[in-house]
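One line per chain: the protein sequences are G and F, in this order. For reference, each letter of the first sequence is one residue, going 1 to 103 in my numbering. For reference, each letter of the second sequence is one residue, going 104 to 286 in my numbering.
None of these hints come from the bench; they were simulated from the model. Some clues are possibly wrong.
[As the list claims (entries may be wrong)] Here are the simulated DSS-like cross-link-like pairs (lysine-lysine), alpha carbons at most 30 Å apart as the crow flies:
1) 193/F x 14/G
2) 14/G x 219/F
3) 14/G x 168/F
Spelled out from the first residue to the last, the chains are:
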Amino acid sequence: MQGAVTNLRQTWEKEEMLDAIYWLRHLLALPCGIVWGVAGLTGAYALLSFVALMGVATLAWYRTQGIDEEDFGGHQVLQAEGLGPATALFLLTWIITYSFVRF
Amino acid sequence: MVYSLDCLTIVAVCVIASFVSEGVLYFWIYRSASFRSLKDQLERTAKKLDVLKQQSVAVGKQKAKEKRVEKLESSIKREAAKELSIVRFKQAIVMFAFGIGLYNLMSRWYVAPVAKLPFVPFSFVANLSHRLLPGEDMTDCSMAFIYALCQAGLRPAVTKWLDLGLSRKMVAMQEFQPPTYDK
């Protein structure tokens, strides 16, 4: 996990790469949920904007690692990694923060 | 402030339950000698398979390599399918017992809205998010929805972080596809 954040262009095993993406997405979901809740963002667009941000951030991160996506199963596999759990975590923090701040 | 404490309590209970269920699985399955030897054996074979796949061979020997890889993969699949399906069955029993037990218990405690949704859910989500709640305000959130989000978002993270059970490689072994080679 630490390596995922600090070591650019290290060599990656497939499992390590997928684990790093999984945890990075969780790290992104938590503060985003809090920010969305505090800012009072509402509606489907707020959720879709997070999903889009997560996709772009993941793409940007593994591009900075200088890897060949095909070695790791392609964009589809990398983008699907941790998508459900991270979105659920985002929804959870967003709903809790929104309820806490607004009500 | 009206809702938040209920939400946090549900989240805390779910996180604790995730740790407890992983503990139960550890004492029931993961610490047994048979599981550990199966894990070692499958990981060794998977490494051997990775090495074999990465070996470059002469053009004429490509067919022989394919056959060796296929043979090794089918032997892994045979070993993995039987043993791992038992492990996964036991995992499913524990998760089901904890999931249903906890849900039944908490649905007795939380009969009022526990949070306010920042969006109006689609009808199929509303069935869960407004479950057993009075009134027509679809942004009222029931315990069931928060619980489902905990199960979907927090439980996998706890399982992954503890890393006691099946590794990603072991799960993948049950789903081996026939190899494809560039011509």
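Outcome of the hint check:
1. 193/F x 14/G: holds, 28 Å
2. 14/G x 219/F: Cα-Cα ~40 Å, so violated.
3. 14/G x 168/F: OK: residue 14/G and residue 168/F at ~22 Å, within 30 Å.
Of the numbered hints given earlier, the model fails hint 2 alone.
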